[in-house]
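What follows is each chain in one-letter form.
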Amino acid sequence: MNGPLQRLGRWVGSHLVLAGGLLVLLYMFVPIFVVVLMSFNDPDSRLIYRFDGFTLKNWADPCAPDGMCGALSRSIQIGLLATVVATLLGTLMAFALVRHRFHGRSAANLGIFLPMASPEIVMGSSLLALFVAAGFGGRLGFWTILIAHIMFCLSFVVVTVRARLAGLDDNLEQAAMDLYATEVQTFRRVTLPLVFPGILGAALLSFSLSFDDFIITNLNAGNTTTFPMYVWGVAQRGVPMQVNVVGTVMFLVSVVIVVAVEVRRRRQERVLAG
Amino acid sequence: MTATATRPAGSSAAAPEPAPPAKPPRRNLTGYWLLLPGALWLAVFFVVPFYSLLATSLYDPGGSVLEGYDMSWAFGNYVTAVQEYWRPLVRSLWYGAVATAICLVLGYVLAYAIAFKAGRWKNLMLILVIAPFFTSFLVRTLSWKLLLRDDGFVVDTLQFLHVLGADGRLLATPVAVIAGLVYNFLPFMVLPLYASIDKIDPRLVEAAGDLYARPFVGFFKVTWPLSLPGVVSGTLLTFIPAVGDYINAQLLGSPGQRMIGNVIQNLFTDAGDYPVAGALSVMLMLLILVLVLVYVRRAGTEELL
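Line by line, the protein sequences are chains A and B.
Its first residue numbered 1, the first sequence is counted upward by one per residue in UniProt numbering.
Its first residue numbered 1, the second sequence is counted upward by one per residue in UniProt numbering.
Hints in this document: simulated from the structure, not taken from any laboratory.
All figures in this text were calculated on a predicted structure; none of them were measured in a lab.
The C-beta atom is built at its ideal place from N, Cα and C for all residues, glycine as well.
One thing to keep in mind: the hints can contain errors.
Unchecked claim - The calculated label-pair distances, taken between Cβ atoms and stated as ranges, are: (1) B/206 - A/103: 43 to 49 Å; (2) B/206 - A/77: 50 to 56 Å; (3) A/109 - B/153: 43 to 49 Å; (4) A/42 - B/213: 56 to 62 Å; (5) A/259 - B/160: 38 to 44 Å; (6) A/185 - B/286: 46 to 52 Å; (7) B/159 - A/23: 21 to 27 Å; (8) B/157 - A/84: 43 to 49 Å; (9) A/222 - B/105: 24 to 30 Å; (10) A/77 - B/201: 26 to 32 Å; (11) B/150 - A/30: 57 to 63 Å.
Said to hold, decoys possible - To give a feel for the contact side, a few chain B residues facing chain A, derived at Cβ under 7 Å: (12) 146; (13) 204; (14) 240.
Go ahead and model the full structure; you've got the sequences and the hints to work with.
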């Protein structure tokens, strides 16, 4: 009785789990299929969503809906600026945490973890409370959004770069120093290239977090509209199909970037392995 | 995330976290200087705002945004907040808990499959886990709205199978809201779980089998305990944003599924009732902090990420 049961268990283990995993993965992609499909949709009405007919006109004229492309370019600007500042500050912090010893280390770790563990609605409303108390209540907009985005991207940058730094073999740096490289040379020619994939990953993550944020942005935006806020607005009164074009493009661009980074990483690993 | 992906088959894969470098880190002022700009940013725009929020929650409820508020230590705001809005608060915790439990089951299967069954497709599958992330949260949630609509394929199928009654619907029900939460926060569960499960040496599970443990016993005695750190951080990273979310409740639900996020957001932006909104926000934060502490104590994992 023990034998067949065990064999059945093994079989279930080896095949069912993989099948289950693939099903879960498929489930994660269901809405993406819908977004891509709907970007070619020619709807009969603005409020009933069905696939009524195939058209290329959404792709030919993506900026047709009022205000969408303005919001989109604002989101891209904020995303880029937030990414640059957060990646810079966060990378410095990661270096401090991995390479230097100082008092108040655990406090610093906690301070970096907490923004990731706080609900967005709480962070957004606290910032709003600060801005209002400081007299900026009437001037909410581009800059207050940017400040907020840098704040919540920072922790993710630190965590990503720190992981890469901690995994580095510091014998390589030792070797460079033994070969009479100065500290600056070692940093530029050895450390930075090795950490770079981590920094790049952190920057990509920052941009997508910033670009996608709605809850914190919505509380601190005043009358300024970002792309997610535009989508939120039209969700009540009928979504133009061009929103799906933007969704599809975002998906394609990021997949290309992620795959390129992965291919580069593999090639580098092969080179390092000889 | 990527550092663990490649390792020679024979190496000691179950070794704990790589030990800190043997060379003692430099102890000088440089560390402080590197930390300073980022730390200042977090202090001014993350820590100080909590103080402002706390202060706001104690303002005199008689004021308004335009005329300004007086500080009157109005602890009554908290009483008002609980009396008026305890329902959405409890509902949020409930929805968050159910969504997290479902995410744990689905996420565990996926993370386990990637770590142990995917072979050379491991990295590709990991990329696929984060790929949907890159299409806007709101756009994806809107496409769930489309999928779950009243005459849609999903509802028709469920009606045909008599899972749903003839007038049954999915939109504007708790099912739709919880499904949306599960969908949107699943990657937050999968990634930490994967990081933990991937570190487990498969030979430990084999050893359990050699000692006549049945697969399920082997799983619960070996794999599950070793994956606990991932379970803890995955559940936290899923539960916290799910409880605070209001996008799913707004787009997929109806006023009957209103969550605490909807209430706070409306009080701040539409009603302009800052003190009560602040009180709710403070309570949500405290509640989550307490839950996190209790949970981490129970599960016995002090390190989080």
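Here's how the hints hold up against the structure:
1. Evaluation of the 43 to 49 Å hint for residue 206 of chain B and residue 103 of chain A yields a pass: the beta carbon distance comes to about 46 Å.
2. A C-beta distance of roughly 54 Å is found between residue 206 of chain B and residue 77 of chain A, which places it inside the suggested range of 50 to 56 Å.
3. One distance hint, 43 to 49 Å for the beta-carbon pair residue 109 of chain A and residue 153 of chain B, holds here, with the actual separation near 48 Å.
4. About 59 Å separates the C-beta atoms of residue 42 of chain A and residue 213 of chain B, a value consistent with the hinted range of 56 to 62 Å.
5. Distance hint check: the CB atoms of residue 259 of chain A and residue 160 of chain B are about 40 Å apart, consistent with the given range 38 to 44 Å.
6. For the hinted restraint 46 to 52 Å between residue 185 of chain A and residue 286 of chain B, the CB-CB distance of approximately 51 Å keeps it satisfied.
7. In this structure the hint that residue 159 of chain B and residue 23 of chain A lie 21 to 27 Å apart at CB holds, the actual value being about 23 Å.
8. For the pair residue 157 of chain B and residue 84 of chain A, the beta carbons lie near 48 Å from each other, so the given range of 43 to 49 Å is met.
9. Between residue 222 of chain A and residue 105 of chain B the C-beta distance comes to about 42 Å, which lies outside the given range of 24 to 30 Å.
10. The hint said 26 to 32 Å for the Cβ distance between residue 77 of chain A and residue 201 of chain B, and at roughly 48 Å that hint is violated.
11. Roughly 18 Å separates the CB atoms of residue 150 of chain B and residue 30 of chain A, a value that falls outside the hinted 57 to 63 Å.
12. The interface hint given for residue 146 of chain B is met, as the beta carbon of that residue sits about 5 Å from the closest beta carbon of chain A, less than 7 Å.
13. Below 7 Å, beta-carbon pairs count as interface contacts, and residue 204 of chain B has none with chain A, the closest being about 15 Å; its hint is therefore violated.
14. For residue 240 of chain B, the shortest C-beta to C-beta distance to chain A is roughly 6 Å, which falls under 7 Å, so the interface hint holds.
Comparing the model with each numbered hint stated earlier shows that hints 9, 10, 11 and 13 do not hold.
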